[in-house]
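Number of protein chains: 2
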Amino acid sequence: MTFPETLTQDAARIEAHLMATLAHRADQPVIHAMRYALRGGKRLRGFLVLEGARMHGLATTQALPAAAAVESLHAYSLVHDDMPCMDDDDLRRGQPTIHVTWDEATAVLAGDALQTLAFELLADPALGSGDTRIALVAGLAKASGAEGMVLGQALDIAAETATAPLTLQQITELQAGKTGALIRWSAEAGAILAGADPQPLARYATALGLAFQIWDDVLDVEGDPEKTGKRLHKDADAGKATFVSLLGLDAAKTRARSLISEAESHLSPYGDRAANLIACARFVISRDT
Amino acid sequence: MTFPETLTQDAARIEAHLMATLAHRADQPVIHAMRYALRGGKRLRGFLVLEGARMHGLATTQALPAAAAVESLHAYSLVHDDMPCMDDDDLRRGQPTIHVTWDEATAVLAGDALQTLAFELLADPALGSGDTRIALVAGLAKASGAEGMVLGQALDIAAETATAPLTLQQITELQAGKTGALIRWSAEAGAILAGADPQPLARYATALGLAFQIWDDVLDVEGDPEKTGKRLHKDADAGKATFVSLLGLDAAKTRARSLISEAESHLSPYGDRAANLIACARFVISRDT
Numbered sequence: 001m002t003f004p005e006t007l008t009q010d011a012a013r014i015e016a017h018l019m020a021t022l023a024h025r026a027d028q029p030v031i032h033a034m035r036y037a038l039r040g041g042k043r044l045r046g047f048l049v050l051e052g053a054r055m056h057g058l059a060t061t062q063a064l065p066a067a068a069a070v071e072s073l074h075a076y077s078l079v080h081d082d083m084p085c086m087d088d089d090d091l092r093r094g095q096p097t098i099h100v101t102w103d104e105a106t107a108v109l110a111g112d113a114l115q116t117l118a119f120e121l122l123a124d125p126a127l128g129s130g131d132t133r134i135a136l137v138a139g140l141a142k143a144s145g146a147e148g149m150v151l152g153q154a155l156d157i158a159a160e161t162a163t164a165p166l167t168l169q170q171i172t173e174l175q176a177g178k179t180g181a182l183i184r185w186s187a188e189a190g191a192i193l194a195g196a197d198p199q200p201l202a203r204y205a206t207a208l209g210l211a212f213q214i215w216d217d218v219l220d221v222e223g224d225p226e227k228t229g230k231r232l233h234k235d236a237d238a239g240k241a242t243f244v245s246l247l248g249l250d251a252a253k254t255r256a257r258s259l260i261s262e263a264e265s266h267l268s269p270y271g272d273r274a275a276n277l278i279a280c281a282r283f284v285i286s287r288d289t
Numbered sequence: 001m002t003f004p005e006t007l008t009q010d011a012a013r014i015e016a017h018l019m020a021t022l023a024h025r026a027d028q029p030v031i032h033a034m035r036y037a038l039r040g041g042k043r044l045r046g047f048l049v050l051e052g053a054r055m056h057g058l059a060t061t062q063a064l065p066a067a068a069a070v071e072s073l074h075a076y077s078l079v080h081d082d083m084p085c086m087d088d089d090d091l092r093r094g095q096p097t098i099h100v101t102w103d104e105a106t107a108v109l110a111g112d113a114l115q116t117l118a119f120e121l122l123a124d125p126a127l128g129s130g131d132t133r134i135a136l137v138a139g140l141a142k143a144s145g146a147e148g149m150v151l152g153q154a155l156d157i158a159a160e161t162a163t164a165p166l167t168l169q170q171i172t173e174l175q176a177g178k179t180g181a182l183i184r185w186s187a188e189a190g191a192i193l194a195g196a197d198p199q200p201l202a203r204y205a206t207a208l209g210l211a212f213q214i215w216d217d218v219l220d221v222e223g224d225p226e227k228t229g230k231r232l233h234k235d236a237d238a239g240k241a242t243f244v245s246l247l248g249l250d251a252a253k254t255r256a257r258s259l260i261s262e263a264e265s266h267l268s269p270y271g272d273r274a275a276n277l278i279a280c281a282r283f284v285i286s287r288d289t
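Protein sequences, first through last, are from chains A and B.
First residue of the first sequence? That's 1 in the UniProt record's numbering, and the numbers climb one at a time after it.
First residue of the second sequence? That's 1 in the UniProt record's numbering, and the numbers climb one at a time after it.
If you are wondering where the hints come from, they were derived from the structure by calculation, not from laboratory data.
Owing to the predicted nature of the structure, the values given are computational and were not obtained by experimental measurement.
Keep in mind that a hint or two might mislead.
Which stretches of chain B does chain A cover? Using the computed rule of at least three CB atoms under 8 Å from a CB of chain A, they are [said to hold, decoys possible]:
{"id": "1", "segment": "25–31"}
{"id": "2", "segment": "145–154"}
Residues of chain A placed beyond 12 Å of chain B at every Cβ, according to the derived structure [what the hints assert, rightly or not]:
{"id": "3", "residue": "A12"}
{"id": "4", "residue": "T161"}
{"id": "5", "residue": "A191"}
{"id": "6", "residue": "P200"}
{"id": "7", "residue": "G248"}
Calculated Cβ distances over 12 Å to all of chain B for the following chain A residues [said to hold, decoys possible]:
{"id": "8", "residue": "G57"}
{"id": "9", "residue": "E160"}
{"id": "10", "residue": "P165"}
{"id": "11", "residue": "V221"}
{"id": "12", "residue": "A251"}
Idealized CB from N, CA, C, for every residue including glycine.
Only chain A is shown next, with the shape it has when bound in the complex (with noise of 0.2 Å):
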């Protein structure tokens, strides 16, 4: 199976699980919310957990869980990063976003229900044993808190009020958090979940992270807003510094390559079990949304 087909099968197995899980609860419209966001998306974390344990001889249906849990956790930040008071996205995935098709208490919950079910999913037995779901549960925390994607936002949001637009190496600090700690997450889990060293695939993960949001940058310049489904040079109006304005468009996306290649140096004690993490890596800087 090619990587693009791989990863299509792997987002409708997870997109499958967290409405199973979600299948069963209170007729309200926090629950409805919780569903909306959690539809679609390309579900590049949840592929990199379940892709992580198939290099390590797992199934994909026991790192399942794992794979929803980080695509909870990303849906949530995202639907608290469209509000007003933060990005004030009106569009996501080309759809409505949360407070806009309900209202901004329904974004705040719905958002962290979202959360809660993260870690809700890593307790699922099925992921093995105790210590395996603990040490999810603590990587994700901290990928994900104020020592990460919180962090990271926090960050971006009082760029927008800064009087001195951010140094490259500020950005490159703000988006490890803001994007590249849950990726990291995602590609190191595989390796936690087989009990083995998840270094290569953190380090992997590192590069690959960058990579994608300085692709992401490219886009915001480039970009087709009828595939990105969202709005084009959001960044650029709102004055931010993005790798593209600190480096220049060809420079960026030679940087973007730089990085990939490197990622891919990374896979090499993983021989040929790491194809579809090279072609995602390749996905991430061809990719047009």
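The hints should help you fit chain B onto chain A, whose structure is shown.
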């Protein structure tokens, strides 16, 4: 040591543990806001965790991360509940709320990170085996997510715009989620840490949690805003049904007292070891804050 002395000492220990956990984090508004939100309060939930552990012969220090976890989870819920799009409170524990002191974005992010911190704290190896810790994670997620606390809060917000006031059954269900589920988890945690049957403490906490909420409604009518640190008649002014509006003041007090008797009866398996939890139950319906 009397119950009030134990409560005060436990509150200080829990706060010290939380501040130590956040001691070396980034010098950013979101971290400052987290510390601000974690200060003060009665720490009733944390006390229940610690006392439940001591009743099973465990040391206070072993249970401390779990007590800190539930207080961090509770603090997150208060920060988000106070936001303008939710309950719109400008005062909490006698101090300006986070979105007043900082801004709404900081309130969203600090609340988000306080929830994450709760799960991070439960991963602390000091609490015991991986199986024990993941059982606490699973329970806290269930109690605080879209089947527990968040559902209760969503029902509470929906009630504000409902055409008919809630019935007694509806408000009981609402409170079972909004405050009951977390109080119950707190009381059960000590038994889970000790590998004991959590059922007697769960039953105690179910009655205690409902009495606690009825007494909150009593204080909303006849409390002293100087002591509660909250605006008075808030629910009545908003036209919301409360236990007092539905039962009348005297019958509400009688119901709370009867629930406390019931709560005490569930502690009989613990004999004299339950003295502090019995005192705690009586405190819940005699407190003026």
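Status of the hints after comparison with the structure:
1. 25–31: Per the Cβ count (6), the hint holds.
2. 145–154: Holds, because 7 residues of the segment 145–154 of chain B bring their Cβ atoms closer than 8 Å to Cβ atoms of chain A.
3. A12: 23 Å, holds
4. T161: 10 Å, violated
5. A191: 17 Å, holds
6. P200: Per Cβ check, A/P200 is outside 12 Å of chain B; nearest 24 Å; holds.
7. G248: At about 30 Å from chain B, A/G248 clears the 12 Å cut-off, so the statement holds.
8. G57: Since the minimum Cβ distance to chain B is about 22 Å, A/G57 lies beyond 12 Å and the statement holds.
9. E160: Incorrect as stated: the minimum Cβ-Cβ distance to chain B is 9 Å, not above 12 Å.
10. P165: 18 Å, holds
11. V221: 25 Å, holds
12. A251: Holds, because the least Cβ-Cβ distance between A/A251 and chain B comes to about 29 Å, which exceeds 12 Å.
The structure shown violates the earlier hints numbered 4 and 9.
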